[in-house]
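**Student:** Sequence:
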Amino acid sequence: MNKLRKGDKVKIMVGKDNGRDGVVERVSIKEGKVFITGMNIAKRHVKATQGMEGGIIEITKPLNIANVALICPNCGKPARIGFSFADHKKGSPQKAVGKVRICKKCKKEIS
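Everything in the sequence shown is counted per the UniProt record's numbering, starting at 1 for the first residue and increasing by one.
It should be emphasised that the hints constitute simulated quantities derived from the structure, not laboratory data. All figures in this text were calculated on a predicted structure; none of them were measured in a lab. Treat the hints with care, as some may be off.
As the list claims (entries may be wrong) - Computed cross-link-like contacts, DSS-like style, restricted to lysine-lysine with a CA-CA straight-line distance of at most 27 angstroms:
no. : residue 1 : residue 2
1   : LYS107    : LYS77
2   : LYS16     : LYS6
3   : LYS105    : LYS43
4   : LYS47     : LYS105
5   : LYS43     : LYS11
6   : LYS16     : LYS30
7   : LYS6      : LYS33
With the hints as extra help, turn the sequences into a complete structure.
**Tutor:** Next up, the structure:
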């Protein structure tokens, strides 16, 4: 289970967008990177080709997962994330027990 998911609100801890909040657009687990909407923008100069117009385009560059902190929806502060096993209900099989994310500051479950 990954600590960050699409749609999570995060705070950027490094770089030119240091201290700004954003929403996770995409997570690349294999590379350990996240794309955040409107953050870490780079400009690329593109040469014109037959099918495409040339000019300066803006692209979103990925950030390392270690360089962002999830903002807890319960306490509203950037926090480290831990995992806990959810309690299973009576009558349900043991396999129904799953891992859930918890905020290490307020100790509450994050959906």
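**Student:** Would the hint linking LYS6 and LYS33 be met if the CA-CA limit is 27 angstroms?
**Tutor:** holds, 12 angstroms
**Student:** Assess, step by step, whether the Cα of LYS47 is no farther than 27 angstroms from the Cα of LYS105, and give holds or violated.
**Tutor:** violated, 49 angstroms
**Student:** Holds or violated: are the alpha carbons of LYS105 and LYS43 at most 27 angstroms from each other?
**Tutor:** violated, 38 angstroms
**Student:** CA of LYS16 to CA of LYS30, is that 27 angstroms or under?
**Tutor:** holds, 25 angstroms
**Student:** Assess, step by step, whether the Cα of LYS16 is no farther than 27 angstroms from the Cα of LYS6, and give holds or violated.
**Tutor:** holds, 22 angstroms
**Student:** Measure nothing beyond the straight line between the CA atoms of LYS107 and LYS77; if it is 27 angstroms or shorter, mark the hint as holding.
**Tutor:** Answer holds: LYS107 to LYS77 is near 12 angstroms, not above 27 angstroms.
**Student:** Below or equal to 27 angstroms on CA atoms is what counts here, so check LYS43 against LYS11.
**Tutor:** Roughly 22 angstroms separates the two Cα atoms, so the pair holds.
Checked against the numbered hints listed earlier, the structure breaks hints 3, 4; every other hint is satisfied.
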